[in-house]
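**Q** Could you put the whole structure together from the sequences, leaning on the hints where they help?
Letter by letter, the chains look like this.
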Amino acid sequence: MSESEIEFQHRFLRLFTMHESAIRAFVRRLVPRRADADDVMQEVSVVLWDKFDSFHEGGDFRAWAFGVARFEVLAWMRDKGRDRLVLNEDVVLKIAEESAEVEPRRERQREALEVCMNKVPADQRALIMQAYQSESRIQEVARESGRTVAGFYQWLHRMRKLLLDCIRRALTQEVVS
Amino acid sequence: MSTKLIDAYLDGSLTAPEMQQLNALLLSDAEVRREFAEILNMDSALAAMAAGWTKDGAPAARQTHWRARSPRWIAAAASGALLLSGWWWQNSQHAFATVEKAAGVVEMADGSALRDESHEIKAGSVALVTARGARIVIEAPAEFRFESAQRLHMKRGRLAADVPPAAKGFTVITPTGDAIDLGTRFGVDVPSSGSAEVHVFQGEVIAKASGAKAKQSLRTGDAITFDQGASTSRELRSSAFIQADEMSELTAGLAAGRRAQSDAALEKWKSDSALIALLDFETDDALTGIFRRVQGRWPGSHAPEFVNVGDHLKLDVGGDRDWPQLSLAAWVRLDRLGAPYQSLFHTDGWDSSNPGQVHWMINRDTTMRLALIGNTLSRDANERDGHPDSRTSVLPEQGRWVHLATVYDSRAKTVRFYLNGQFDKQTLLHVAHPARLGPSQIGNWNQQDRKLSGRVDELLLLGRAMTDDEIYALHAAGNPYR
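In order, the protein sequences belong to chains A and B.
Mapping to this note's numbering: the first sequence position 39 is 39, numbers consecutive.
Position in the second sequence (first residue = 1) + 1000 = this note's numbering.
Check before you lean on any hint, since a few could be wrong.
With a Cα cut of at most 25 Å, we get these calculated SDA-like pairs of lysine to any residue [stated by the list, open to error]:
no.: 1; chain 1: A; residue 1: Lys80; chain 2: B; residue 2: Leu1025
no.: 2; chain 1: A; residue 1: Lys80; chain 2: B; residue 2: Ala1008
no.: 3; chain 1: B; residue 1: Lys1004; chain 2: A; residue 2: Gly59
no.: 4; chain 1: A; residue 1: Lys80; chain 2: B; residue 2: Pro1191
no.: 5; chain 1: B; residue 1: Lys1004; chain 2: A; residue 2: His56
no.: 6; chain 1: B; residue 1: Lys1004; chain 2: A; residue 2: Trp64
no.: 7; chain 1: A; residue 1: Lys119; chain 2: B; residue 2: Leu1025
no.: 8; chain 1: A; residue 1: Lys161; chain 2: B; residue 2: Glu1031
Hints are computed from structural coordinates only; laboratory data are not their basis.
**A** Have a look at this one:
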């Protein structure tokens, strides 16, 4: 591999590493399941790499990646989403558009999660993490927690609400301080 | 209403009419869109957090199911984006890393396979190769655990990594921050107490302090300390880390029984009638100062390490008389710094009213200097700075233990320098006072420009002139390499 090729790869890796979580979250907001987001994300990373030579050095990598990701999400929906309940295209385009504007805030929200999770009692935190580790195992996790599956989902909704409230509060305080 | 729909959407329990309803709400109501985006955004963050979570509080190994589901990905990776294939996920069926060489490490044997379990090494150094081909040397005392071939948790200890393209993205996670490699050579030091440091010897690393918002790109020669959620720049400690190429020589030295030789030789010097001091740093007694106690030349042995401005070691020996002859010797492992001088041994009483006070140091150009106040050079002496300086650079480019010695003789009016047992240079003096010692410092001299950066081991002060043969033998007996 030549020097310039190595430099090219470094440049890509640096940018991709820095923005991966933002791109992943962007995709996640547009598809119904986390596994769908994983699938789309793989396509997105391949396309980003393939097209990286058309990306201008010094340009806005995240904006460029969001553009690629939006396209890949729509392609995924036309392909896999036909027999699934998915957002309609207009909604996807609207959310994608708004995502770019508020991404700095979304990023702070994702980061605030850590602080908020630490306020959740350890045993409940463990349950949330288990539920999120594998979507397919969620019924098992529910059983182990001693709840009914429906009850577990209800509980999970409440926890999500609490966490989201906490995250919003954290960001409000951030603005004040 | 909208919250219920969004929850059902996330659970996958939404009916088709409900989906229509949700789509309509999202399209018409910006507030619903915002709530939706925030919940999904948190969902992504929760998933990321869960991926690194295990019951006992330690992060989990990465899921490997992606690979099986992604033929297109594999094809693309094979066709040129090779760097990416090795990057996020790997086959957890195989060992994450293999022990290539264990030097003085009793807890691990050569060839051991490391998976997702914690390891502690109390002494020595271990060279590992990850499944992706990254070469890693970890120096004791250390506690670490591979989460995957690409993610290494360092609770404490010191690590040097040499990461080939196939292992780009290799990440070291410390209690105070993470270092993500982009195909480089770098070092991470996690001291038993205090903040971790990242040093980039070559290439590029992305550093992120725990809890920090910003990531930082570090390039060749950069170094940072993770400090309470932020990264602070610091000087590169070029020699603080044992690297892969040094390991084979260290293991060979151990195998050849070098340590026993060294210990035996030390006993001989301890009984020398002219002995002023011999510090091997193995006992804690009465060493005052600010320094870290780290591993010395041998597995489990100790040496003081000077890291920050103001670090020093105090000594008060030989102040009861004059010393017409004086020999100074030490094993050192020092960084190449921009600082003008690094203090090896500085008497506190250096003052024109007190001739013969001794300053032994390393100059900016990495030669060695022995200055006694009040002394003047012979007319025949060829010195640039007006002090006796050695000829050859005494600091290697990379971290290495080197042996430095100087012999002063006020009667013969000579200063002689030695590097690794070999005579380097002699300087003739015109005025030569007997040496005077007393309260002194190693690693500093109450002035920032005398800061020494690195480790000192086996410091010998002898009140007579050692011969060339003796210096040669001193180096040979204490040499940790083969």
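**Q** Hint by hint, say whether it matches the structure.
**A** Hint by hint, here is what the structure shows:
no.	hint	in the structure
1	A:Lys80 to B:Leu1025	holds (23 Å)
2	A:Lys80 to B:Ala1008	holds (20 Å)
3	B:Lys1004 to A:Gly59	violated (40 Å)
4	A:Lys80 to B:Pro1191	violated (51 Å)
5	B:Lys1004 to A:His56	violated (43 Å)
6	B:Lys1004 to A:Trp64	violated (34 Å)
7	A:Lys119 to B:Leu1025	violated (33 Å)
8	A:Lys161 to B:Glu1031	holds (16 Å)
Comparing the model with each numbered hint stated earlier shows that hints 3, 4, 5, 6 and 7 do not hold.
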